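**Student:** Given next are the chains, with one letter for each unit.
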Amino acid sequence: MLEWILFAVCALLLFAAMVSFTGAVIGAIRFGFVMNSMHAAGIGDTFGILCLVLCLILSIGPGLNMMKLLVILVFLWFNSPVSTHFLIQVEYFTNKELYRFSDRIAGSKTNETASGEEK
Amino acid sequence: MSVSQAYHILFTAGLVWFAILIAVMLIKAIIGPGVTDRILAINMIGTMVICCILILSVLLDENYLTDVALIYAMISYIAVLILATVYIPANPKRKRFGEDVKREVEEGRRYVKEQRAEIRRKMEEEGFKGSTPIDMDGKEL
Amino acid sequence: MKERFLKWFYGESDPMEHILDCAEVPDESREEWKYEEHEIEREISRRVHTQSVIRAERRGFYAFYLIIAVISCLMLIGVLLFTVSQLPRYGVENPRAKEVVERYVEKGLEETGAVNIVSGMILDYRAFDTLGESHVLFTALLCVMILLRLDEKNKRTRYENYYTVLADPYYDISTDPIMRIAATITLPSIFLFGIYILLNGQISPGGGFSGGAVMGAALIIYAAAFGFTVTDRVFTYRMSRCITFLSLAFYSFAKGYVFFTGANGIPNGVPKGTPGAIFSGGLILPLDIAVGMVVACTMFGFYSLFRRGSIGGE
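Protein chains in written order, with our numbering: chain A, 135 to 253; chain B, 52 to 192; chain C, 227 to 540.
No lab work stands behind these hints, which were simulated from the structure alone. One or more of the hints may lead you astray.
Stated by the list, open to error - The calculated DSS-like cross-link candidates involving lysine-lysine, where the alpha carbons are at most 30 Å apart (straight line), are:
id, chain 1, residue 1, chain 2, residue 2
1, B, Lys180, C, Lys233
2, B, Lys173, C, Lys233
3, C, Lys228, B, Lys180
4, C, Lys498, C, Lys333
5, C, Lys481, C, Lys324
6, B, Lys164, C, Lys233
Computed from a predicted model, the values in this text were never measured in an experiment.
Working from the sequences, and respecting the hints, build out all of it.
**Tutor:** Shown next as structure tokens:
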């Protein structure tokens, strides 16, 4: 009976990981600006991989492989924010139309100068 | 049915769903207008491939696939970094320079200007005619 | 289409053109016309470039070199084709289909001493092929160096690009504190992981090539995070040259000795060890280390050459 409870918990965690990755992918596609889709992609990188690794640890049991899975988790958690940091810098330095919709941002007065510079 | 069969079905369903997500991200990588969309799509594809490999390592009961997943994580991390070093300085409207760099840049420019003035004088003698193809040694074909 | 191809072939089209919205490069495929004002500058640049690349007084040597290169390539092609024609044909009677595979699978463990049969195959049964692959990597590094190296001839004309792209701290990620902290914490683990993969070639999947690639990746992250001035203190041109040459020479001599004794029926004195331990498999571990060193130096050499035109900063 214990095995089936473990299986149920594993299934729940895997389902949660699937949901979060689906949300990340849909967010990466649907948003118009890259900066927003990077924010959505972060969900998959943090919550999705956590649920997945927990599910696998529960189904494997203690041992060397559990430590390896934890190492992968820590490595991904550490390095995906650094990648996002540099991706946003790439976007800031190469995109000419970054301020195209800045007149819809509340309280922004720099619309004319920004678009005047870009043109 | 036994527990191991149930695990088998569960992990296989997870793998299929991940494959669908990877295909959708690939479409985004093709469409996405701009450089950053594509790098982001490749990064996400890498993360999802890592998840696929981890599920496979549990499904097939092989230990070394976790090493493969770790290598994949490293390679995708370093790919984004190096692409960033290529794209960040390529901004055509750079306006900030260091003071000690300006001096060396001007010295290089002076040397280049002298060379070009000399060649311009030579072309003036020819009368600015051209489009005769030139060999690698500078002779005309 | 042909114009676009010629533009790309002669290096006049800009790959960043559509991304950065620069002006299109004008084409020069017209005859019987005079240079206009905006085209004079382009013609001057082209002549500067051709003068700085080739000197006119070495034409004799280049003709001789071309002829000898073509003759030696044709001879090599002839020898290889003749050898291939002597091999047994495809089909079920081919020993490759049955006997060779069975021999490798059944007797692989006791003849090579390695639990990982793939490593045993590429570094024991077919070690000559792996030697050729390592030489290919070395040759690739040489070719990239020939094409991309910044030496005295073209340093002056590429001065502007060289200094403005690399020396501006606002646009360089090696001055970013986030990058430095991330590299300080994760790089030792990555390097150790590469060494672990290298040493485990005969037990689990891994070996020389993948371990060397991971070590090269760690060196690349180091150079990108801390800048080239710090990396040049450790990884100079001389060190890269010595490492690649010594690794390939060691590989050649060790395998030459084994081939010589094997062909003459003398037992070679290389111990096989117990399968499953680190020091097993005879010569597989030292050869793995040699191959891994070559791959790591090649990876870092490619990055350094593409980034700034020289390996050791000379």
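**Student:** Are the hints correct? Go through all of them and say.
**Tutor:** Hint-by-hint comparison with the structure:
1. Simply put, lysine 180/B and lysine 233/C have alpha-carbon atoms about 22 Å apart, close enough for the 30 Å limit, and the pair holds.
2. Our distance criterion of 30 Å between C-alpha atoms is met by lysine 173/B and lysine 233/C, whose separation comes to about 26 Å.
3. Note on lysine 228/C and lysine 180/B: the hinted pairing holds, with a Cα-Cα distance of about 25 Å set against a maximum of 30 Å.
4. Taking the CA atoms of lysine 498/C and lysine 333/C, the gap is about 14 Å. The hint holds against a cut of 30 Å.
5. A distance of roughly 27 Å separates the Cα atoms of lysine 481/C and lysine 324/C; the hinted pair therefore holds under the 30 Å criterion.
6. Taken as a hint, the lysine 164/B and lysine 233/C pair is honoured in the structure, with Cα atoms around 26 Å apart against an allowance of 30 Å.
Going through the hint list in order, the structure satisfies each hint without exception.
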